[in-house]
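In mature numbering (1 follows the signal peptide of the UniProt record, and there is no 0), the protein residues as written are -22 to -1, 1 to 336.
Treat the hints with care, since some could be wrong.
Quick list of in silico lysine to aspartate or glutamate cross-link-like pairs, EDC-like style, CA-CA up to 16 Å [unchecked claim]:
id, residue 1, residue 2
1, 158, 142
2, 112, 288
3, 132, 198
4, 315, 305
5, 132, 176
Hints are computed from structural coordinates only; laboratory data are not their basis.
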Amino acid sequence: MKKLALIFSIVFILSAATTTFAAETYNWRLVTTWSTSIPFYETAQHFAKTVDKLSEGQLKIKVYPAGAIVPAFQVFDAVRNGVAQMGHDWPGYWKGKNEAFVPFASVPFGMNSLEYTIWLQHEGMDLAKEVYGKFGLVPLMGGNPGQEIGFFTKKAVNSVNEMDKMKIRTVGWAAEIFEKMGVNVSPLPGGEIYLAFERGVLDGAEFSTPSTTYPLGFQEIAKNVLVPGWHQTSCQNMFMINEKAYNELPDHLKYILEIASRETQLWSMAEREYGNAVAIKKYKEEGVTFNKLDDDSLNKLRKTTKNYLDGLRKKNALLDKVLTSQEDLIQLYSNWKEVKSGVSAYPYGDYIKGKHLE
């Protein structure tokens, strides 16, 4: 009888433990700065699905496009204030909070996608935690779709001087650098660009990489693209988590979030770079002309960028710390890039096309 009572007690305890564990589920809301037509929204969805699978349903994240809960540029405050547990962003949107956010998105003439990933795998993420942490947020890598395509324009241009009477959409530091060179800038959200083009509010615009921009249909209105994308040599996205919500999670779910973010970073690089190549092919088939920015303009832009950033760095020690870290990584990695250059993948065009045999 005692044995039977003991067995029932053990079964009861195990059942209670199982019930308690089963109740430990978390349902989060993830707000984004993207409309559903922008591929970055798919990146956020990919992350949420990965977390769901890895956690076996213990942590479910529902993704919302811009405007569903809050407008695009209110995502930061929504996560900070607990309206949503997570957000997906382009950190340059938050330059008004602190200029130190911008380097986590892109820097004109800065790092490429691989360099960003290497940097964030090392010192960069510690610095991201320092910057986001000042606002009660926890950062994670959020994907990187590659270099931006350049500026779509209604008329063909090859220099910055030709843009002085045009209204151009860009954001972040690129906007202020352009303004210093006499360009009229409008920092519209990505989802509003097409309509602004259509209504004649804009004469030119950049938004993102080829694969991200193609579905937006800019090529239907603007048949010229000014390249290269000097303003964003890479486009880094980040996830941000409300610190209080994050601290309520058990350690294994925190780890799952980290692993899912790293997987999403690599998935987006591969997915989007392939898509970038496909998009360029489609653009050409649809009659889009790619116009090279002349060397004089590029040199002036580089010089203006350096002077502009030097001025910001003097006013913001944290920004200077982040930019110095990036510059150190670029310098370190350049040694390896130089050693491996010449066959694959630099200059890849000569070898793939057989020009080296001519």
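Against the structure, the hints come out as follows:
With a C-alpha separation of about 11 Å, the suggested pairing of residue 158 with residue 142 holds against the 16 Å cut-off. Annotation: proposed proximity of residue 112 to residue 288 is violated, straight-line Cα distance about 23 Å (limit 16 Å). Between residue 132 and residue 198, the direct Cα distance comes to roughly 10 Å. Compliance with the 16 Å bound is thereby established for this hinted pair. Restraint check for residue 315 and residue 305: satisfied, since their Cα atoms lie roughly 15 Å apart, inside the 16 Å limit.
Under the criterion of a C-alpha separation no larger than 16 Å, the hint pairing residue 132 with residue 176 is consistent with the structure, at around 11 Å.
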